[in-house]
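Between the sequences and the hints, there should be enough to build the whole structure, so can you do that?
Below are the chains, spelled out letter by letter.
There are 2 protein chains.
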Amino acid sequence: MTAEPRLSWTEVRDTIRARILARHYAPGDKLPRDEDLARNLGCARATVHRAMQDLAAAGLVERRRRGGTHVPNDPVTRATFDIPVTRREVEARGSLYGYRLISRAIAESPPAVMARFGLQDPSPMLHVRALHLADRRPYILEDRWIDLATTPEILEVDLAQHSANEWLVHHKPYSRVDVRFHAVNAEGEIARHLDTPRGSALLVLERTTWIGSAPITTVQSVAAPGYEVAAQS
Amino acid sequence: MTAEPRLSWTEVRDTIRARILARHYAPGDKLPRDEDLARNLGCARATVHRAMQDLAAAGLVERRRRGGTHVPNDPVTRATFDIPVTRREVEARGSLYGYRLISRAIAESPPAVMARFGLQDPSPMLHVRALHLADRRPYILEDRWIDLATTPEILEVDLAQHSANEWLVHHKPYSRVDVRFHAVNAEGEIARHLDTPRGSALLVLERTTWIGSAPITTVQSVAAPGYEVAAQS
DNA sequence: CAGATTAATATGTACGTACATAATAAGTCA
DNA sequence: TGACTTATTATGTACGTACATATTAATCTG
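First to last, the protein sequences are chains A and B. Read in order, the letters of the first sequence correspond to residues 1 to 233 in our numbering. Read in order, the letters of the second sequence correspond to residues 234 to 466 in our numbering.
For the record, the hints were derived by calculation from the structure and aren't laboratory data. Watch out, some of these pointers could steer you wrong.
What the hints assert, rightly or not - Keeping only pairs whose Cα atoms sit at most 20 Å apart, straight-line, the calculated DMTMM-like set for lysine to aspartate or glutamate is:
1) A:172 <-> A:153
2) B:405 <-> A:62
3) B:405 <-> B:391
4) A:172 <-> B:247
5) A:172 <-> A:206
6) B:263 <-> B:295
7) B:405 <-> A:74
8) A:172 <-> A:158
9) B:405 <-> A:29
10) A:30 <-> A:62
11) A:30 <-> A:54
12) B:405 <-> A:14
13) B:405 <-> B:315
14) A:30 <-> A:74
15) A:172 <-> A:54
16) B:263 <-> B:287
17) A:172 <-> B:262
18) A:172 <-> B:295
19) A:172 <-> B:307
20) B:263 <-> B:307
21) A:30 <-> A:14
22) B:405 <-> B:439
23) A:172 <-> A:189
24) B:263 <-> B:247
In structure tokens, the structure reads:
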């Protein structure tokens, strides 16, 4: 008789997940200790621990040393979005990517930008506005501020040829990022550049990065009408 | 002389991350093998593996058996959102939560709803519209469809007293969720219920859940103007 | 009986061994 | 020389041991 195959951590995870889904463990409930689950399922504690790590990352359980493992009392929906550089996104849709620099100027950071970075004092920044196109039609209007203290080399980049978006992603790694979504009505230049009626509802992706605690860039990417962003499956 | 403390996986992760940030490993680059990194850093291969697992989850590296570890050529920004039930979100803001059922009707799923679920044939569903309030002002307008094949018990719930949002989160776990954001202009009933001028730009969170491959619910939560959703830090 | 202290506990972690396996490189063959 | 097969390799994993540590429960003291 051959040895019984060992239980994998993914099988353990799916078993526990099924019990949570079946409300065998309901919101607020405490789960058995790792050691007891291991004995019950016929595997090692480390295998249960690995499965729980995954469940915790998904928000299905909460772990506490000594305190044990619980199903959260107030579950949240956890959704992860992968936001590519715009060129890749357009090309991934099978569309032709286009880029156009609208404006580029050195200026002191305005209050709204300072607020996004959490800055008290203005600092010299490069203000870049650019349009990304898909199949020759406006797709994303980008309004970006780049801190010249951390990123002086952006001044050497020909932003008429290369989007700041891509340059930064390749040359300027960050250690912290803040991402937000909101909606705005198309007005003035936004309506013009995106070639859309004034008043159209537009989705805005705001993304701010820091290296350590020093600001790098903050961008508002205003999407053409109809744009929708989906979490990864 | 006391034994040197062992390197922790978080220290290994931070070291590798710093090297990626410093472009010691640039986009497209292949990293040294786990075993070599372990020797280089003076720790176990399992410790390096644990650190890499975390870096991979953050999207900073890509792992392939035999193929090794690479810095992605096309890095993406990975942002994770935790979406609580509306009551918790309102209370977390220090506001008073209120709830009002607008309408409740059994109907066959319309094409747009079938599309969201990936259904070919319509099925009987409960269509619920409700308003969530913060400090007595409209906050989120919820337009929801609940599949009666998987969730017949929703018919017994007094939705005038309890939001479907909370009932489902507590009683109906799901195994798959699809989350999307887009923007709409406030029109007709939406403008009325949210008490906002027609034409206002509104952020919409769309969330669809399945148990196995069977639909549970799909909801469009239309936020009052000014609403913004932020990724977790 | 409340606050402080101590003990116990359940999870977290470093490691090493042995093995699994996906993926790449090398070799073979027509 | 290209297609196919085989070998090699680098990561993935199960486990067990030993220890670390955050947290909770129990105990002590005034």
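Below or equal to 20 Å on CA atoms is what counts here, so check residue 30 of chain A against residue 54 of chain A.
holds (17 Å)
For the pair supplied as a hint, residue 172 of chain A and residue 262 of chain B, confirm whether the alpha-carbon distance does not exceed 20 Å.
holds (15 Å)
Straight-line Cα separation of residue 263 of chain B and residue 307 of chain B no greater than 20 Å?
holds (14 Å)
Proposed proximity, residue 29 of chain A with residue 405 of chain B (alpha carbon, max 20 Å)
holds (15 Å)
So if I understand the rule, the pair passes when the alpha-carbon distance is 20 Å or less; does residue 30 of chain A with residue 62 of chain A pass?
Given that 20 Å is the threshold and the Cα spacing comes to 9 Å, the pair holds.
Given the hint that residue 172 of chain A pairs with residue 247 of chain B, test it: the Cα-Cα distance must not exceed 20 Å.
With Cα atoms ~17 Å apart, residue 172 of chain A and residue 247 of chain B stay inside 20 Å; holds.
Holds or violated: residue 405 of chain B to residue 14 of chain A, with C-alpha atoms at most 20 Å apart
holds (17 Å)
Check whether the Cα positions of residue 405 of chain B and residue 315 of chain B lie no farther apart than 20 Å.
holds (18 Å)
Distance restraint between residue 405 of chain B and residue 439 of chain B, which requires alpha-carbon spacing of 20 Å or less:
holds (18 Å)
For the pair supplied as a hint, residue 263 of chain B and residue 287 of chain B, is the alpha-carbon distance within the 20 Å limit?
It holds: about 17 Å lies between the C-alpha atoms, which stays within 20 Å.
So if I understand the rule, the pair passes when the alpha-carbon distance is 20 Å or less; does residue 172 of chain A with residue 54 of chain A pass?
The hint is violated at about 30 Å.
20 Å limit on alpha-carbon distance, applied to hinted pair residue 172 of chain A and residue 153 of chain A
Satisfied, since the Cα-Cα distance of roughly 10 Å is no more than 20 Å.
Of the numbered hints given earlier, the model fails hints 15, 23; all others are met.
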